[in-house]
Amino acid sequence: MKGAWPYVGIAVVTLAMWALLVSVNAFYAGVLASILIWTVATSGLNVIAGLGGYPSLVQGAFYGIGAYASALALIHGQNLWVATLLAVVSAGLAGLLIGLVFARTRGQYFGMGTLFFGVVVALVLTNWTGLTQGPLGLMVPFGFATNDQLDWIVPLSAGASLALVQALGTSRLGLRLVTVRADEDLAEHIGVPTARTKLAGLVISAMIGGFAGMLIAQYNGTISPDLFDQTVGFVMFVAVAVGGAGRVLGPLVGSAFIVGVPDVLNLPSGIGLLVVGVIFVVIVIVVPDGLMGGVDAIRRRLPGFRA
Amino acid sequence: MLQQALVNGVVLGALFALLGVGLTLVYGVMEVPNFAQAGVVTIGAYIMVTLHQSARWPFYLAVAGGVLAAGAISVATERFAYRYVRTRPLAAPAVALGLLLILDNSALELWGGDHVSLTPPYGAGLVQLGGMTIPAVGVALVLTAAVSMLLLWLLLTRTGIGRAIRAVSQNAEAAATLGIELERQYVTAFFISGVLAGLAAFAYAPTYAVFPYMADGVIFNGFVVVILGGLGNVWGAAVGGILLGLVESLSAVYVSAAYQTVIGFVVLLAVIVLRPAGLFAGTARRVA
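The listed protein sequences correspond, in order, to chains A and B. Count the first sequence with the working numbering and you get residues 1 to 307, in order. Count the second sequence with the working numbering and you get residues 1 to 288, in order.
Treat the hints with care, as some may be off.
Stated by the list, open to error - To give a feel for the contact side, a few chain A residues facing chain B, derived at Cβ under 10 Å:
1. L57
2. F237
3. G270
4. V282
Keep in mind that the hints were calculated from the coordinates and are not lab data. For glycine and all other residues, C-beta sits at the position ideal for the given N, C-alpha and C.
Produce the complete structure using the sequences and hints provided.
Here's what the structure looks like:
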């Protein structure tokens, strides 16, 4: 597919999601909205982890920073525009900080470093009670005019985040990230500024994650530190890998799987996480490129398919 | 207060070292960050509690059962999952954390979320040492760690099994060319790591409680230790463990108990940035 077609596809998916969201009952609408908000957050992650191939386990922290920043801004009387800006900027700054420290580390060091950062953010959210009220969490003032407005903002944001990754993937930065994923040393040799590229990728990931945090705070109405701890960062990485890292629709498919399956089956949290763990291990072992990669592999085997 | 903090630091450090050595051993042979070890600790601890309290086994027999079970579970994680991602380093952390979810939540389903306790015969005993009072469980922890390290050292340096593991860890391809069976070394390393996880469960379950997520927090410290010591460096991990224990317990007293883990993280950060190969980096990676 070339040119405008991927965007048309994303627009159709977005419209379908909106139609589904406003027509199903409240329970399924809630599940679908969670999936779509996760799609935003994991699309962000798809930039550094998917295009760049760097196992960032800190996306949950950006999501949390965005949620708390927007909530605090609204609590202190700012409007939603300011709150959203604050969410995106503060998450982006956190991404910049992590990038400056870890952009020169590779592979598993990067994974572990980002994971620890997630732990630190969760600890701060829990312990800085003066600002965050600790484990009790915060009530988030509703910043939109109506619930209907939120109902179209959520699918639109999901679609926009998919489109953004599609656009990034063909941009200069995206291509640089892909070369870093393919072979970082070689990329460096042929003149790709790898450290700067990773830093930019991480900051973009963080900003999109922060925006998703604003959405979940608005949608939920309350936020607490356990929604954003290091497990969340990990499960987001899982969602991207399950959907297909670096593939535009990967985050949507992965989020639908990871968030949707336990929610729709309505399993208690223990069994739910157990199932998520099993699904993930199996998918990572069986289809290395995730579900979207699996779809491609099947299509290649069908007669008459031309790549 | 300083003295007490130092003692606490050594006790905590012994635990970190016990976990870190197992992690680094597995990393050495397979380059897998084995987060699932936290789940192995948890299930090992529950098996000890069940054998001791429900099946009425004598305490030390129950502990031995739990330790062996932990070794077996650790081997199972290798046989059923890790071995398929050996050549894909980026998939390894993801599989590791997936396994951790499976193990923790299996514990939650099998034993429930309540905190239970594993009470050794020396339970609430206290040891007087140079004017300080140390809980017997703390002394047991330090002794367990010291004896296990010593045995591991003997195993790695004085036996054929140890030589084979070290060879794989230095260069798997060369070791295979020379006739060392790689599969067997992977299984052995995971078994040892699981046994160490079981010993860690025995050593610290009496101080903390036994519950499904009991080891998730402490495993992070295990990884800090692994990086402090240099990935794959067993003695680095042992020394790094004690060091981190001291740093954390001193900062709990003099800075803030709530942010104890953050201080550990700052130490890690400094090491990653300043000495990326670990504090004790030599010219080559070593496991002994």
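Against the structure, the hints:
1. L57: holds, 7 Å
2. F237: holds, 6 Å
3. G270: Constraint on G270 (chain A) satisfied, holds at 4 Å.
4. V282: It holds, given that the least Cβ distance between V282 (chain A) and chain B is near 9 Å, below 10 Å.
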